[in-house]
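Trainee: Chain residues, written in single-letter form:
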Amino acid sequence: MVAAVDLLASTVDGILIGSIYALVGVGLALIWGVMEIINFAHGDYMMLGALTAYFLYLAGIDPLVGAVAAFVVVYALGVLTQRAVINRILDAPLLTQIAVTFAILLIIRYGVEAAFGPYTRRIASWYANVYYHVGPLTIPLPKLIAFIVSLLVAAGLYIFLFKTDTGIALRATSQNRVVAELMGINVKRMYDLAFGIGVGIAGLAGAILALFYPIFPEMGAFFALIAFIVVVLGGFGSVFGAYLGGILIGVIESVSALFVNPALKDVVAFIIFLLIILVKPTGLFGRGE
Amino acid sequence: MRELMRYARNPVVVAVSALLLALPAIFSITGQPFYANMLFLSLMYGVAALAWNLMQGYTGMFSLGHAAFFGVGAYTVMVAMLYYNVSPWIGIWLAGVMAAAVGFLLGFPLLRLRSHWFTLATIAVGEIFKLAFAHWGYVGAARGLQAPIVGPSKALYYMQFTGPFVYVYVALLVLLVEIVVLYRIVNSRTGYYFQTIREDEIVAKTLGIDTFRYRMLSLVISSFFTGLAGALYAVRFHYVDPFAVFDLITISTYISVAGIIGGIYSFIGPLVGAFIFVPAAEYVRVKIVSAFPRVFGLHVVVVGVILLLISLFLPEGVMGYLKRKGYIKTG
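In the order they appear, the protein sequences are chains S and A.
Per our numbering, the very first residue in the first sequence carries number 1; after that it's consecutive.
Per our numbering, the very first residue in the second sequence carries number 1001; after that it's consecutive.
So here's chain A without its partners, still in its complex pose:
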């Protein structure tokens, strides 16, 4: 914690934090919902990517099925609100718990696998969740779930605000909680156990680390925070459907793209990665694809090109590159 407080006095960190806090207010006053929305999406993917990287960067497990946790989180908020009248302010945290529970149960079969087998199995899990939710009547099957439309007196309880501005602050709150928790974990004995498992699982076992237990812990924490990211999606868009929140490309792949671009061996890298590719893709999608519907899908090509170039020429990611060049010391 002391080290985290030292970061809190670092001028760059202070400046970036102040900017993040001020920007939604500025966008709100100047009436620029487009940029506020871009900021929200970057934060949402950033929250999920930081969580994903606890598994990838710290524990060495490559998941392409994080949409399962994201989707479960998004649905939990909606189900709690629609069927049990629970405010999304509480629902967001329930979403994390539910996603963590799903991660725990999936861990028993999945953690038997390693390397590409693990990755392939996570893809299958994500797709099974999508198809299962698309046929499950309780959660609205393929139609999905829509938040109730409420009057202004209940808007705060149901978290329904005009435009994206307030949601950016909600996302910032979730991100802050996540950074504090994850930073403490990766710099504790548990975090070092994770990294030992990543480097060599047999060595970890020889040292007396219960590798199944710690891989499970990594998976459960990762799914908890990915569930929070899904919950952010649900509260922001008031609507959840299986093909959006369980998507292999726009959820599972995008989350890992953020991690790879930012750098998986950097704590904050995945968040940086999200802030690089999400604005680029959003800009192309809104400014070019909406103006010329003929080029539908161009924004995903942009993501593909960024991913290809980073993977080929900067495989350690942007933060890894900056560290190697000595521009930054930690992070």
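Bound-form chain S, shown alone:
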């Protein structure tokens, strides 16, 4: 029998790690919602963010400042990718779209491996080993910071999407590209923004994840798959559905580790993924096909 306190501890830990999954998923959902492109390289932009924070940390810059820089760097790379490559395949068949983002995945992931070596790197910030004890729970400060940053980013994204003219234009583009264009919205600029912000948020998530997680060239593989599960759970294209989906997957993964062999927790995640696709492909919070 699982003790109630273990269940509580797992749930809290799941919410904390789930807030990272949520950020990665939100970026993927934004790109899908606005551009109808599935970005298979998403986890690799996240890795680029973590790597940016690492190199800045080596230069003596605090990882939290590095996280902001990671957003800016990955945002710029995202806009570059969008203009050079993604723009050309917006109306291409599904096969070409997936092949192109997969090619970007191969180039980024193994390009980093070839350029910087297949090594595992760690950021050892001053708060890496600070823990808070709340009743029976132990909460590591890095995960708490990650959770707070995640909430702040989500709040910022909400204000951007719902309270600013640019954000409203972005949402209009996601609803109907042609009508948005007729209303005088520069759709190409919206695509730059969507792809840039989408991967930028993933880069930021990578940077704050690096506070307590090792950095290696292939780290994006796992998180990209988690992001797909999150986005499917939240409903494709639903940004805040993806956020809740991320928290939910974090909790499911963490709690299921109490009941099944922890080494198989990824299998649990994939089986949930398949079940959602088969039973309710519009997700829990989706707006339909």
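Keep in mind that a hint or two might mislead.
[Stated by the list, open to error] Chain S regions said to be covered by chain A (calculated; three or more residues, Cβ under 8 Å):
1) 155-167
2) 260-269
3) 272-280
Since the hints were derived computationally from the structure, they do not count as laboratory data.
Ideal placement from N, C-alpha and C gives every residue a C-beta, glycine not left out.
Add chain A to chain S, keeping to what the hints say.
Mentor: The following block gives chain A in isolation, referenced to the frame of chain S:
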């Protein structure tokens, strides 16, 4: 069959076939296992890519989970040999049957899906197989399975030859069987049904085609031949582990890369694609990455760049381009 025999008299086909038959012998005499191995890998990926394209190019189902069938095929050869003492000469065909059975069972949930949902689900299936085999004690869990080391008297029974040369002929045999079978299928009524489903599933239904049945048939045949490719891997390398044979990048993605580069609307395109990117990647991996381990992963970047350039500028693939320009008439 008559049309296939006409191809057999085409001078280009004859020349390429003769070259493929002669090359392993030439490499063997001149002592160039590197090029023979390159040839073997191109054929292995070619076998899998032709099978993959029956689903993608002919039936319109984009799978990124063919590693599941490839891996099951590879493991079947090893399990049959280690636990039941079955020669790989028979094991290769058992591998196809086992992979087809897995494809049949997976078809019931997977074929309910279409478009990107299907693709995402196949990725999940491939990953589930990898993780499940990595924890399954019967097949050696994460350590995988290793073929027994046998003396020269049993080498033929256990298919253990020195160097890659003989294996190239085994791969050629499998490829020949595959080409004859697939060519007959795609040029039969069944093949036309597949293509109708690819163009418009609702139209196919209206015409009275049982679309579930034919999509299932396409999946099962495709998984059979992908299982054969996995079996080729197992007999060639005498060792199978879950992270190699169920890999999303080097198996599932590479198979589809071969198809996309060669051209999915061409029968032989995927084989041509495998012969383009496998030698390029192998050359970089062996000649550059092995010499400078610091640039580990560079060969995959090469594959990525080829895939990106073909997708952007030649989306119909190399064979599609040649057909459009009129350099070749069929194929």
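Trainee: If you test the structure against every hint from before, which numbers come out violated?
Mentor: 1
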